[in-house]
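Could you put together the complete structure from these sequences and hints?
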Amino acid sequence: MRLEKNRLALPGVLLAAAIAAGCVTINIYFPAAAAEKAADRIIDEVWQLKGGAPAPAPKPEAK
Amino acid sequence: MKTFRLFEIVLLLALLSLASHAGAQANLEINTPGIAAIQASMQKRHAELAPLYASGAVGLTRDGNVQLRDPSAVPLPQRAAVNGLVAAENQDRAALYREIARANNRPEWEGDIRNTFAQRWIDRAQPGWYYQTAAGAWARK
Chain F
0 MRLEKNRLAL PGVLLAAAIA AGCVTINIYF PAAAAEKAAD RIIDEVWQLK GGAPAPAPKP
60 EAK
Chain S
0 MKTFRLFEIV LLLALLSLAS HAGAQANLEI NTPGIAAIQA SMQKRHAELA PLYASGAVGL
60 TRDGNVQLRD PSAVPLPQRA AVNGLVAAEN QDRAALYREI ARANNRPEWE GDIRNTFAQR
120 WIDRAQPGWY YQTAAGAWAR K
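In order, the protein sequences belong to chains F and S. Residue numbering for the first sequence follows numbering that gives the first Met the number 0, beginning at 0 and increasing consecutively. Residue numbering for the second sequence follows numbering that gives the first Met the number 0, beginning at 0 and increasing consecutively.
Among the hints, a few may not be true.
Calculated lysine-lysine pairs in the BS3-like style (CA-CA distance at most 27 Å, straight line) [to be verified]:
1) Lys43(S) x Lys36(F)
2) Lys140(S) x Lys49(F)
3) Lys49(F) x Lys43(S)
4) Lys140(S) x Lys43(S)
5) Lys36(F) x Lys140(S)
6) Lys36(F) x Lys49(F)
A few chain S positions that, by computed beta-carbon distances, are all more than 12 Å from chain F [what the hints assert, rightly or not]:
7) Leu48
8) Ser71
9) Ala72
10) Val73
11) Pro74
12) Val81
13) Asn82
14) Ala117
15) Gln118
16) Thr132
17) Ala136
18) Trp137
Per label pair, the in silico range of CB-to-CB distance [to be verified]:
19) Pro70(S) x Ala16(F): 57 to 65 Å
20) Leu14(F) x Ala39(S): 46 to 54 Å
21) Leu9(F) x Ala36(S): 52 to 60 Å
22) Leu14(F) x Pro32(S): 39 to 47 Å
23) Val12(F) x Gly135(S): 46 to 54 Å
24) Leu9(F) x Ala35(S): 49 to 57 Å
25) Ala93(S) x Leu13(F): 43 to 51 Å
26) Thr132(S) x Ala20(F): 38 to 46 Å
27) Val12(F) x Thr132(S): 50 to 58 Å
28) Lys49(F) x Gly127(S): 42 to 50 Å
29) Ala134(S) x Ala32(F): 22 to 30 Å
30) Ala17(F) x Ala35(S): 39 to 47 Å
31) Asp43(F) x Ser54(S): 18 to 26 Å
To be clear, the hints were calculated from the coordinates, so they are not data collected in a lab. Cβ atoms here follow ideal geometry from the backbone N, Cα and C, with glycine treated the same way.
Laid out in structure tokens, this is it:
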């Protein structure tokens, strides 16, 4: 009985650890689309483009 | 029975982590006093830089800076002032990229943020302004 419980606990812990590690890895990726949006908002302000000519759309990119 | 429960918990954890990743990537934090101050300083300077972009004296570099690319387009007496303007702008830009990375608790993103800005400054430049291509040559919008 006891042995069986332990046998299940180890894979469970390993799986949880793998997911936690994956979590950290995914979060480290640079959010390119969000950065582009942030850049555009700042450029609007610095170059006073709001209300002027519409800005060219960002080039399509893989997400 | 127990295996099933474990599987469910793992699945739930995976879904939760996915949801939090999606949330974290929706936006970058740019609303900090530090970023606002740099932005205001750059906005003010732009009034002086805009004619220099238009004349081609100053161009947008591929690394997210500005550069005096044609000194002969600036009368000699004004050249020192323009050099100062370019240096001040590049200082502000470096601080801006650094501050955005820091505001998002990712100082290591500074280079990526700089590259993103470099591309967007060039994409959104006015017709007639000069920019540096990926190969480093100057081109006109």
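Now for the hints, and whether the structure bears them out:
A C-alpha spacing of about 22 Å is found between Lys43(S) and Lys36(F), which places the hinted pair at or below 27 Å, so the restraint holds. For the hint pairing Lys140(S) with Lys49(F), the CA-to-CA distance comes to about 20 Å; that is within 27 Å, so the pair holds. For the suggested pair Lys49(F) and Lys43(S), the alpha carbons sit about 16 Å apart, so the restraint of at most 27 Å is met. Straight-line distance between C-alpha atoms of Lys140(S) and Lys43(S) comes to about 24 Å, which keeps the hinted pair within the 27 Å bound.
The hinted pair formed by Lys36(F) and Lys140(S) meets the criterion: a straight-line CA distance of about 22 Å does not exceed 27 Å. Annotation: proposed proximity of Lys36(F) to Lys49(F) holds, straight-line Cα distance about 14 Å (limit 27 Å). Residue placement check: Leu48(S) does not keep its beta carbon more than 12 Å from all beta carbons of chain F (closest about 10 Å). Every CB of chain F is more than 12 Å from the CB of Ser71(S) (nearest about 26 Å), matching its label as outside the interface.
With a least beta-carbon separation of about 20 Å from chain F, Ala72(S) lies farther than 12 Å from that chain, consistent with its non-interface assignment. Distance to chain F confirms Val73(S) as a non-interface residue, since its nearest Cβ pair spans about 21 Å, more than 12 Å. The claim that Pro74(S) is not at the interface with chain F holds, since no C-beta of that chain comes within 12 Å of its own (minimum 25 Å). Chain F leaves Val81(S) outside its interface by the beta-carbon criterion, the shortest separation being 18 Å against a cut-off of 12 Å.
The non-interface label for Asn82(S) is consistent with chain F: the shortest C-beta to C-beta separation is roughly 20 Å, beyond 12 Å. Distance to chain F contradicts Ala117(S) as a non-interface residue, since its nearest Cβ pair spans about 9 Å, not more than 12 Å. Not every Cβ of chain F is farther than 12 Å from the Cβ of Gln118(S); the closest lies at roughly 8 Å, contradicting the non-interface assignment. With a cut of 12 Å on Cβ distances, Thr132(S) stays outside the contact zone with chain F, its closest approach being about 15 Å.
Every CB of chain F is more than 12 Å from the CB of Ala136(S) (nearest about 20 Å), matching its label as outside the interface. Listed as outside the interface, Trp137(S) is consistent with that label: its C-beta sits roughly 20 Å from the nearest C-beta of chain F, beyond the 12 Å cut-off. With their beta carbons about 59 Å apart, Pro70(S) and Ala16(F) fall inside the hinted range of 57 to 65 Å. The hinted window of 46 to 54 Å between Leu14(F) and Ala39(S) holds, with their beta carbons roughly 50 Å apart.
Range check, Leu9(F) to Ala36(S): about 53 Å between beta-carbon atoms, so the 52 to 60 Å window is met. Roughly 43 Å separates the CB atoms of Leu14(F) and Pro32(S), a value that falls within the hinted 39 to 47 Å. For Val12(F) and Gly135(S), the Cβ-Cβ distance of about 52 Å falls inside the hinted range of 46 to 54 Å, so the restraint holds. Between Leu9(F) and Ala35(S) the CB atoms are about 52 Å apart, so this pair conforms to the stated range of 49 to 57 Å.
For the hinted restraint 43 to 51 Å between Ala93(S) and Leu13(F), the CB-CB distance of approximately 44 Å keeps it satisfied. Taking the beta carbon of each, Thr132(S) and Ala20(F) are about 40 Å apart, inside 38 to 46 Å as hinted. Our hint of 50 to 58 Å for Val12(F) and Thr132(S) holds, since their Cβ atoms are close to 52 Å apart. Between Lys49(F) and Gly127(S) the beta carbons are some 21 Å apart, a value that contradicts the proposed interval 42 to 50 Å.
Taken as a hint, the range 22 to 30 Å holds for the pair Ala134(S) and Ala32(F), whose Cβ atoms sit roughly 26 Å apart. Checking the proposed 39 to 47 Å range against Ala17(F) and Ala35(S) shows it holds: the Cβ atoms sit about 41 Å from each other. The beta-carbon spacing between Asp43(F) and Ser54(S), approximately 24 Å, falls within the hinted interval of 18 to 26 Å.
The structure shown violates the earlier hints numbered 7, 14, 15 and 28.
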